[in-house]
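> Line by line, the protein sequences are chains A and B.
Residues in the first sequence are numbered from 1 upward in steps of one, following the working numbering.
Residues in the second sequence are numbered from 1 upward in steps of one, following the working numbering.
Careful: at least some of the hints might be erroneous.
[To be verified] Calculated from the model, a selection of chain A residues having no Cβ within reach of chain B, i.e. all distances over 12 Å:
| no. | residue |
| --- | --- |
| 1 | SER183 |
| 2 | GLU620 |
| 3 | GLN814 |
| 4 | THR837 |
| 5 | SER996 |
| 6 | ASP1002 |
[What the hints assert, rightly or not] Pairwise CB distance ranges (calculated):
| no. | chain 1 | residue 1 | chain 2 | residue 2 | range |
| --- | --- | --- | --- | --- | --- |
| 7 | A | THR478 | B | ARG346 | 29 to 37 Å |
| 8 | B | GLY373 | A | LYS361 | 47 to 55 Å |
| 9 | B | GLY130 | A | VAL200 | 18 to 26 Å |
| 10 | B | THR158 | A | GLN115 | 36 to 44 Å |
| 11 | B | GLY130 | A | LYS356 | 49 to 57 Å |
| 12 | A | ALA413 | B | THR158 | 48 to 56 Å |
Treat the hints as calculated values from the structure; they're not laboratory data.
Glycine included, C-beta positions come from ideal geometry on N, C-alpha and C.
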Amino acid sequence: MPPAWGDCNRGILIDALVGIYYVNQSDNLLMFRHMVTVFYANAGAKTRYVVSEETATIKSQQAALAYQRTLPPKLIRMFIRIGSIRTSILLFVLIAVSGGDAEESANSSSNVLHQEIDLTVESVQVGPHSALSSDEEFCRRIHLDLVGRIPTFEESTRFSQESSETKRKTLIDRLLESDECDSYLAETFDIWWMERRKDVHVTTAEWRTFLKASFGSGKSYQQLVREILSSDGNDPELRPAAKFYLDRLVEAHAVTQDVSRMFLGRNIECAQCHDHPLHSDYLQSEYYGIFSLVDRSYLFTDDKSKKSYVGEKAEGDAKYSSVFEPDAIKVVALPKVVGGLALDREPLLNGDAAYKVKPAKGVRSVPTFSRRESLARLITHDTNVAFRQNIANRLWAHMMGRGLVDPVDLHQADNQPTNAALLRLLTDRFLSLNYDTKELLRQIARSKAYQRTIDVPAPVIDVATLRTQLQLLRVQHTDQKLICERLEADMESAQDEMKKRRKLVRENLDVTAKSRKEIADQEKIVQKLAKQASEIQKQHDLKQQLASAVNASLEKAKNASKQLKNDKSLAKTLEQIKSNSRDMNAQVEALAKRLAQQKKRVEEASSKVAPLVSSAERLESDHHFLSEDVAESRGVYRFFVDKLSVQNVALADIERRLAATAQTLKYFELAEQFDRKSEQLSSLIAQLNRQTNQLEADQLERASTKKRLTIQQKKLEEVTKSLTIVQKEVQAGEALVATLQEAVNQTESAIAQLAGDEALGSAVDTIQHALKNAADKQADSTTRADRLAKVVTSSEKAVNELKKQLTNLDLRHQEASKMHQQIATQVQAQKEDLNSTESKRDLAFDQMTDAWTNRFAVRPLSPLKPEQLGRSVVIALGMNQRFRQEAEAEWKSKNKDKKPEEIDEQKKKLEIDGSYEKRKKNIETVFVRLFAAAPGSPQDVFQSSVDQALFLGNDNRVKSWLSPRDGSLVKRLRQEKDANRFAETLYLSVLNRSPSEMEMRDVAEYLAARPQERNSAVDELVWGLLTSLEFRFNH
Amino acid sequence: MARPAISRELASQQKRVICIFLAGGSSQLETWDPKPKTDTGGPFLAIPTSVPGIHISELLPKTAMQMHHLSLIRSINTNENDHGLGRYMMETGRKKMGATEFPHLGAVTAKALDLESPLPGNIHVSAGAGSRRSDSSYLGPKYASIVVGAKGGLRNSTRMNGLTVSAEDHRQWFRRRANSRFLERRRTAETDAYAQSFEQALQLMEKRDIFDVSKEPQSLVEKYGDHELGKQCLLGRRLLENGISYVQVSHSNYDTHNENFNFHLEQMGEFDESFSALISDLADRGMLESTLVVVMSEFGRTPRINQYYGRDHWGKAWSIAMAGCGIQAGSVIGKTNKKGTEVADRQVDHRHLFHTYLQAVGVDSTDEFHVGGRSMPIADPSAGPISELLA
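With the hints as extra help, turn the sequences into a complete structure.
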């Protein structure tokens, strides 16, 4: 149901229109929002609204159309006009209003916040998201984040066994509504705000009770902070809230620094003494703006009760100068909250009016106008974006293990959020959620971003698209940069103009002052002259009186003298009087003359005043116009400042996306490079192998050739030898044939001489026969020799051939070896290159996945806080039951003399509960002492130190925690005989998850190996998991 | 650590610091800046030292013979007469104001000289073993001082009661195995640091003798003095020798509103013995070039002697002594007037001293620490070191 427009009276409408007019004049979006609130508040309707800026005209008009049903038509028309006519920034207004439908519309808007969170997270991620966590992991995580401890064995198993689709939502809701959650939030906020300082005037117990009640009653964060920053400790209900001031002894520097750090997320401590040397936007004026709002407050201790309160004075201005410029004149601080509002229209009250309770000895003074209360109002004001941004970021960090801005107290230009749009979303929506802390936690818990695993997903990405995106972003970046530069120039010239006009005002003021002084001087002269005149007048009047008296007595004397003509003495007296009267009259006359002169002088002097006054008045009226000029130029300047800041945010967004895209691309390019290089390497290696093979084959060939050569050489040798023998035979045969021929010839000549000698004839026959035989043999030998000679020749050729072959082979081998060497060197170089590319790729991967974590596409891993660790140890080891028993036993021994009827059951329960809590607290304290940062310093810094490990490893307390007691894990495990059930109990109790098969096997083997020392083995296993990373971290 | 490169460089030079804190406020007039024969000077005389021209109180005869190693700063004006605030200023080099706590000299030294060894870097020696102190502020628990006793050594440095060597090995194996499974999922600097701390603890247990003063020879025990301060100084030297960056020893109580002179006569006797033994021992071992020795208090004591023969709190004109690490040996910085009621020359305060200590051990005190994304100046940026003291 839209509000009944007709019910609204004219006054309200006018208010709203004035608001719109204001917006129109100054582009003050926040003021517009404020006016809308006023409008609806007056209309008696509950309001929930979101206003954010958009540059698209169409969007705003569409939105207006869409919400026509809920917005009064006049407002819409007005709104569209503002949007399109006066300014280029359009207002995109969503107003979900209501009478009856308030709750519904509020819910419907917040229902989607967790989805909006996911959309925003996904929109900045370049790359994949990690998967959603398992039920077991979710159950552990949500318990740690909402109730500050791990779930019990039973809680873990129950949740795993539930099958409802909405069981995560149900668990979130149940935990948020639990008393434990209120306690845990109280603890968390206490640590944020008090940083484990020692108690001074308000105990931590009282303070946490107050905080817990605040969370339990659904008090808004805005209201809570307002109470803390305005409490003076006097109202008993709000006394604990004054801890923030009282335990800092109301020391103005301490309060200033912590107010800024804790409620605005700005660590401006350095700005106490000078403008921050590192962060250009932390200025000394900002520091003293807050300082001057708390500096009048002081710690007041009541003499009788010894109780301390915050007192405040009505006067005193903070002055400061930079330590870097010791000679500079001190500046009076302007009370203000940076980014928020300044304290304007501080009433000027003097004397009694300045105080409700005047300062005196032993009295706590209370001013009529409290600057401290103003601080509470200014800090928590709806217009103070930094206030909401700080808490949105801290709550996000609380749930996610890392802030969007990190560290959480360093919101500033050089430390941009990792997802600015998300921080904006949370900041805006926290307002529309009416500063409901738990609701924001619920929405974060329901988001996918919250429920993702810590495991880094495999990087799968379309590189081509990414490259195109990068190009597009580069273009966008150039454009946006141009816009910003142009705006910056506009802003600067607007600033110059403003300065010029301010100078005119200053000059005008100077001249006016001079002129006023002249008037005053002149008036003084007039006054002086007038005074003189009135003195003369007085003298004149006196003289006149005397003169008339003298004249009167002269008359009388004359009369007397007429009657007593002969009285000489009378005549003498008459003469005397006459002369007196003459004198007197002359004096009166002279005085009258002087008076007239003086009056003329007065008139002259007075007449000079009027022109001076009119000139001053002219100047003053000039001042009015000049001031308006300044206001106008300031408006223009603010317009550009705001616009520039919006555009700068957009620029930063683009830059972040650009960096993210470039980073992702870098990884993929390196990965590609790595793949390419590793391919090249494999082909090189293949080549090298081929070369090696070739070398080996060549080697073989050479060997066989050499072998063949040897054989051939041997053969040649043999043949040559045979040839020699045969040749010798031929020679011998030739000689024999010749000898025999000779013998034949001689015998025949002897026959010729002794013809018919038979003996001779037969001798010739014999010899001839022998000759023939010898000749035959000779011919045969010759043939053999010829043949052998041929063989030798061919063999020699073969040997030579083989020798040549061998030489060739050697040459080839040399070359091939050289080639092999070359390839091997190349392979080596390529391998080194590949290694370096690999480490570059891995580094890029780490950087990329770190960035994924920072963008919350992957869940960050965060250490348990000391208290969480202590409580989780209690739960994991099952010490609750033991503590309960001890508490009961203690109560019994203390009350053993009491008769049953004397026992107040309720009191008994309270006492036992208290004693039980104390025991748990003792363990928490042990962990706080070891694991927490020093009191009074940021508590979100993680460090591991050797003495923590020494404690967990060796301290007797740890030993006693591991001792078997009723209900304790160690006792249960010692009794458990089945190895699988043993492992299941161990893992579910300590790590809140079932063991994997490998882990079951590990446990079974561990126990099986030590049957003689089973108890010790059980303790060791429990200790091993308790000190493991998985237990130490929130994942 | 400002930059890892600096730390590595320092590690190679192994610079270290021992600070002897005379708690309660020792009297400069009965120690480093005597004013004999004046109405503020008290009954004691001044004696010559091993450095011609420098005289110190006759209560320190042994120390006088070590003067050639020492440097005196006689012109301190911290203008703070509160025990807590004065101590804070001297230990942190800052004035306590506002909400931020500053880390103490020990934590700053341990962080700046971080050797990444299993040994803790910041140790306070006291009578018995104790737990950790909260003096490291934003530098975190790793650099907070650990209390080691002249009796009892380092807490929790022996194996858990009843645990056998093999059981220890077994449970560590199981822990490592569980860790390696988890590290397959995700590994960060924080997981590494936590897992590493257990390995360091085991290494430290092996080295626990370092913390046991009874391992020192009897002759040295006698030389240092067979009393608490002597043992603590000796243990201090033992710790420094074994690679610990910062050791603090306390001697109390010097808050002599009554009987200042009798009291100093007694206390200075112990101090003289232990301190001179420490200086000569360090010098003999060649450790003095790399070890800075500082003797400080929260403030001095009034020149005016009160009706109880006491002296009261006095932050306006007092002295400390330093030695080693290239500090100009045998020198005196600044002076007070004749009766010691005002600084007459070269006035300095806690800030200058703090810069000087750090620069002496090679730390650029004008640099910043970066912790958890926050940047903090190492020392008060509004002052610098006493440069003439530095080599």
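> Could you run down the list of hints and mark each one as holding or not?
Results of checking the hints against the structure:
At the 12 Å boundary, the C-beta of SER183 of chain A stays outside the reach of chain B, the nearest C-beta of that chain being 25 Å off. Residue placement check: GLU620 of chain A keeps its beta carbon more than 12 Å from all beta carbons of chain B (closest about 44 Å). With a cut of 12 Å on Cβ distances, GLN814 of chain A stays outside the contact zone with chain B, its closest approach being about 50 Å. A cut-off of 12 Å between C-beta atoms confirms that THR837 of chain A is not in contact with chain B; the least separation is 22 Å.
Annotated as non-interface, SER996 of chain A brings its C-beta within 12 Å of a C-beta of chain B; the closest such distance is 8 Å. At the 12 Å boundary, the C-beta of ASP1002 of chain A falls inside the reach of chain B, the nearest C-beta of that chain being 7 Å off. As the Cβ distance of THR478 of chain A to ARG346 of chain B is approximately 59 Å, the hint placing it in 29 to 37 Å is violated. As the Cβ distance of GLY373 of chain B to LYS361 of chain A is approximately 49 Å, the hint placing it in 47 to 55 Å holds.
Distance hint check: the CB atoms of GLY130 of chain B and VAL200 of chain A are about 25 Å apart, consistent with the given range 18 to 26 Å. Separated by about 56 Å at the C-beta atoms, THR158 of chain B and GLN115 of chain A break the suggested range of 36 to 44 Å. Distance hint check for GLY130 of chain B and LYS356 of chain A: the Cβ-Cβ separation is about 51 Å, which falls inside the suggested range of 49 to 57 Å. For the pair ALA413 of chain A and THR158 of chain B, the supplied restraint of 48 to 56 Å holds, since their beta-carbon distance comes to about 53 Å.
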